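For reference, the chains in residue letters:
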Amino acid sequence: MLEVSDLRKSFGRLTVVDGVSTTVAGGECLGVMGPNGAGKSTLFDLLAGATPVDGGTIRLDGRDVTGLPPEIRVQAGIARAFQIPKPFPTLSVREHLVLAASAGQGLRGAALAGQVDEALERTGLGDKAGRTGRELRLLDRKRLELAKALASGPRVLLLDEISGGLTEHEVHALVDLIRGLKSPGLAILWIEHIAHALKAASDRILMLHLGRKVIEDIPDTVTRDPRVRELYLGQAHHA
Amino acid sequence: MRPGILLAVAVVALVLLPFGADRGMLFLASEILVVVALSQAWNLLAGYGGLLSPGHHGFVGIGGYALYVLTRDLPVHPYMAIPLAGIVTAVLGFLLAPILFRLREVYFAVGMWVAAEIFRIVVMRWDYTGGAAGLPLAAARSLNREWMGASAYWLALAVALGATALVWALMRSNFGLRLRALKDDELAARSIGVAPHRVRLAVFVLSVALTGMAGAVSFLSALFITPVAAFDINWMVTIVFVTIIGGIGRISGPFLGAALYFVLRETLAFSSSWYLVALGATAVLVMLVMPGGLAGALDRLLSRKSTMETQP
Chain A
1 MLEVSDLRKS
11 FGRLTVVDGV
21 STTVAGGECL
31 GVMGPNGAGK
41 STLFDLLAGA
51 TPVDGGTIRL
61 DGRDVTGLPP
71 EIRVQAGIAR
81 AFQIPKPFPT
91 LSVREHLVLA
101 ASAGQGLRGA
111 ALAGQVDEAL
121 ERTGLGDKAG
131 RTGRELRLLD
141 RKRLELAKAL
151 ASGPRVLLLD
161 EISGGLTEHE
171 VHALVDLIRG
181 LKSPGLAILW
191 IEHIAHALKA
201 ASDRILMLHL
211 GRKVIEDIPD
221 TVTRDPRVRE
231 LYLGQAHHA
Chain B
1 MRPGILLAVA
11 VVALVLLPFG
21 ADRGMLFLAS
31 EILVVVALSQ
41 AWNLLAGYGG
51 LLSPGHHGFV
61 GIGGYALYVL
71 TRDLPVHPYM
81 AIPLAGIVTA
91 VLGFLLAPIL
101 FRLREVYFAV
111 GMWVAAEIFR
121 IVVMRWDYTG
131 GAAGLPLAAA
141 RSLNREWMGA
151 SAYWLALAVA
161 LGATALVWAL
171 MRSNFGLRLR
181 ALKDDELAAR
191 SIGVAPHRVR
201 LAVFVLSVAL
211 TGMAGAVSFL
221 SALFITPVAA
231 FDINWMVTIV
241 FVTIIGGIGR
251 ISGPFLGAAL
261 YFVLRETLAF
271 SSSWYLVALG
281 ATAVLVMLVM
291 PGGLAGALDR
301 LLSRKSTMET
311 QP
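Line by line, the protein sequences give chains A and B. According to UniProt numbering, the first sequence is numbered sequentially starting from 1. According to UniProt numbering, the second sequence is numbered sequentially starting from 1.
Quick caveat, the hints were computed from the structure, so don't treat them as lab data. Keep in mind it's a predicted model, so treat the numbers as computed, not measured. Backbone N, C-alpha and C fix where the C-beta goes; we use that ideal spot for every residue, glycine too. A portion of the hints provided could be inaccurate.
[Unchecked claim] Interface residues of chain B toward chain A, partial, derived using beta-carbon atoms under 10 Å:
no. : residue
1   : T164
2   : N174
3   : R178
4   : A181
5   : D185
6   : A188
7   : A189
8   : I192
9   : G193
10  : A195
11  : P196
[Stated by the list, open to error] Within a straight-line C-alpha distance of at most 27 Å, the following computed DSS-like cross-link-like pairs (lysine-lysine) qualify:
no. : chain 1 : residue 1 : chain 2 : residue 2
12  : A       : K182      : A       : K213
13  : A       : K182      : A       : K86
14  : A       : K128      : B       : K183
15  : A       : K86       : A       : K128
16  : A       : K86       : B       : K183
17  : A       : K182      : A       : K199
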């Protein structure tokens with residue numbers, strides 16, 4: 001589904017993403033870990049087209065999408081839930097999703113309504129469909145990020161720390177939700193600091209440090225790796 | 001239901017106005033409606049689309065000249081030439097957009113103004129458009145003199161109400177959602193698949209087409225057009241004043257702004273210098289105390305009243 005090879009990005013002298021390659025197949029969830037500044041969010045910026053790459057290629061179903069602007073990538077099927085939610089203050093929750101389904105996937109009529117309702121139901125925003133972006137609390141803003149990405153009909157779903165600020169119980173619900181999303185037509189990439197959540201939902205985990213790939217393997221192998229323990233689990237993060 | 005009935009009564013009253021108004025009143029009413037239409041068109045681009053254009057007077061002039069040239073060279077009735085004038089300005093806008101849209105923010109504004117200047121200079125130097133002396137309405141013979149004032153009024157009414165209905169319908173459509181999303185946060189809008197250039201191009205072409213039609217209607221009853229009148233910067237001053245005073249990005253804004261503008265103009269007509277002072281002072285005052293313009297103030301008043309009514 002998604003093939004990334006030798007992706008590079010520098011800001012001035014600082015290399016933020018340094019030759020990252022990976023492949024995510026349909027039905028798979030790739031967890032992305034790494035300490036702050038490892039280049040995780042920049043990697044997503046490159047995949048989503050928010051920032052141009054300095055080198056390397058991104059292929060979606062074999063098609064090279066490396067040079068496409070973000071709106072075309074969404075239409076091609078790469079959707080993203082931002083770490084810092086970006087709701088439109090004057091649009092209602094439902095309008096956000098109608099927009100995502102129509103602009104992102106070109107849906108109309110009953111197919112559009114169905115997609116919107118499904119995204120509302122999956123993310124538990126059904127009773128807040130009439131609220132505007134401005135009125136939402138942080139948790140609902142995070143849910144809306146995920147709902148927007150789902151409503152655009154993704155083939156590749158980029159989730160950037162969507163569990164931040166959630167209670168333990170809510171994190172479990174989120175893990176169940178992400179597991180429920182897995183299907184042969186969807187590849188998921190999930191950046192998360194909460195290791196046990198990532199472990200529970202991911203088929204493989206990619207560990208980044210200073211823009212480079214440290215290890216990419218099944219969750220048990222990654223969390224047992226001494227380099228990972230030193231870099232990440234040893235630090236004052238939720239282990 | 002009640003606002004709907006009120007609206008229908010108002011529209012019927014406006015349609016029947018020529019049967020109860022004298023020539024002078026009808027002329028003034030047509031003028032007001034042209035300003036409403038122009039402001040609605042500008043509001044669509046600036047208020048909803050977020051593109052501030054100080055060059056719309058160029059498209060007023062192009063619309064007016066399109067009417068005069070089309071009815072001179074082609075066998076079209078002047079009334080039919082009005083939608084055609086809209087098409088001419090739309091095509092011109094469509095061709096200019098790739099250049100103008102390379103410019104952002106304040107540079108777009110400068111680009112629009114330069115475009116309007118170029119239109120004026122070309123029309124003034126070109127024999128085909130009559131040069132600096134202007135053109136008479138060659139098809140004036142085919143107009144019924146007795147119904148001339150009323151017809152011009154009805155055309156102005158059609159363009160004003162048509163522009164308003166179009167903005168109303170657009171803002172309730174998927175296209176309106178895209179426009180609002182882009183105005184709120186461009187990156188977030190692009191991240192769910194909204195293509196900014198296509199949306200802005202559509203809104204720009206619609207805005208200049210409406211402007212061209214309103215321009216054509218405005219110059220129809222004059223029976224003569226000159227570059228000085230057609231490309232007058234005062235069009236722009238009036239449009240911006242009316243839209244901002246009325247409430248930018250609000251559909252009732254152009255109506256409220258036009259009402260205040262014409263009240264000021266008619267009461268202060270004795271002195272052109274005091275009239276400009278009053279216009280400027282009103283603009284500053286409204287911007288300071290009512291950021292949403294008259295429409296915003298009216299909204300707040302109505303919502304306060306309705307919350308008072310619902311309280312026991």
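The hints, checked one at a time:
| no. | hint | in the structure |
| --- | --- | --- |
| 1 | T164 | 21 Å, violated |
| 2 | N174 | 5 Å, holds |
| 3 | R178 | 6 Å, holds |
| 4 | A181 | 5 Å, holds |
| 5 | D185 | 6 Å, holds |
| 6 | A188 | 4 Å, holds |
| 7 | A189 | 8 Å, holds |
| 8 | I192 | 4 Å, holds |
| 9 | G193 | 3 Å, holds |
| 10 | A195 | 5 Å, holds |
| 11 | P196 | 7 Å, holds |
| 12 | A:K182 <-> A:K213 | 24 Å, holds |
| 13 | A:K182 <-> A:K86 | 25 Å, holds |
| 14 | A:K128 <-> B:K183 | 23 Å, holds |
| 15 | A:K86 <-> A:K128 | 17 Å, holds |
| 16 | A:K86 <-> B:K183 | 13 Å, holds |
| 17 | A:K182 <-> A:K199 | 15 Å, holds |
Going down the numbered hints, you'll see the structure goes against just number 1.
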